[in-house]
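When you get a sec, could you build the whole thing from the sequences and use the hints?
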Amino acid sequence: MLDEKEFIQQLLNPKTQNDAFQKLLHTYQKPLYNHIRNIVLDHDDTADVLQNTFIKVFQNLKNFKGESKLFSWMYRIATNEALTFLNQKAKKSGISSETLQSKAIDNLKADVYFDGNDIQIALHKAIATLPEKQQLVFKMKYFEELKYEEISEILGTSVGALKASYHHAVKKIEALLTTN
Numbered sequence: 001m002l003d004e005k006e007f008i009q010q011l012l013n014p015k016t017q018n019d020a021f022q023k024l025l026h027t028y029q030k031p032l033y034n035h036i037r038n039i040v041l042d043h044d045d046t047a048d049v050l051q052n053t054f055i056k057v058f059q060n061l062k063n064f065k066g067e068s069k070l071f072s073w074m075y076r077i078a079t080n081e082a083l084t085f086l087n088q089k090a091k092k093s094g095i096s097s098e099t100l101q102s103k104a105i106d107n108l109k110a111d112v113y114f115d116g117n118d119i120q121i122a123l124h125k126a127i128a129t130l131p132e133k134q135q136l137v138f139k140m141k142y143f144e145e146l147k148y149e150e151i152s153e154i155l156g157t158s159v160g161a162l163k164a165s166y167h168h169a170v171k172k173i174e175a176l177l178t179t180n
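In full-length UniProt numbering, the protein residues as written are 1 to 180.
None of these hints come from the bench; they were simulated from the model. Since no wrong hints were added, every one of them can be taken at face value.
As a list, the in silico DSS-like pairs of lysine-lysine whose alpha-carbon atoms are at most 27 angstroms apart:
1. K147 to K23
2. K163 to K30
3. K103 to K30
4. K91 to K133
5. K30 to K89
6. K56 to K23
7. K69 to K5
8. K125 to K141
9. K125 to K92
In this text the structure is predicted, and so the values were computed from the model without any measurement.
In structure tokens:
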């Protein structure tokens, strides 16, 4: 892709905005989908959150200060959108976020877009027992193979704290998977 500052200028310029936004979609749609899907778990919900994410990116691009990479800024928006979506969905359903997540995991086998097996479902169940921050860190590091520096920019947490969270998450997941 072009130099990031130049690309952002194209996104902000009404003459080049449409083409630039198409490039943005083409470049980030799949990684953002995967990131949101790791949090939300349901394909249809993921599609809704992804759409909301791109709407927010488009609406707020003029406020992007360039203090982080565009990638990190978009991932932060996607993360916040996914977590907000889950909290609102749980609230509307009158259940806890944990119960909602448990139901989503149970529905994975019936999801035609999920190509995992029983081991992956057990892994998702183990991840669901972790505190929210550890879940995010684990999913971003394990499934998306993001670097700690990237996760740090996205979550606004120090690299050291992220490494500790990931380590604790791995230990808890290993313990749960070996006892079941």
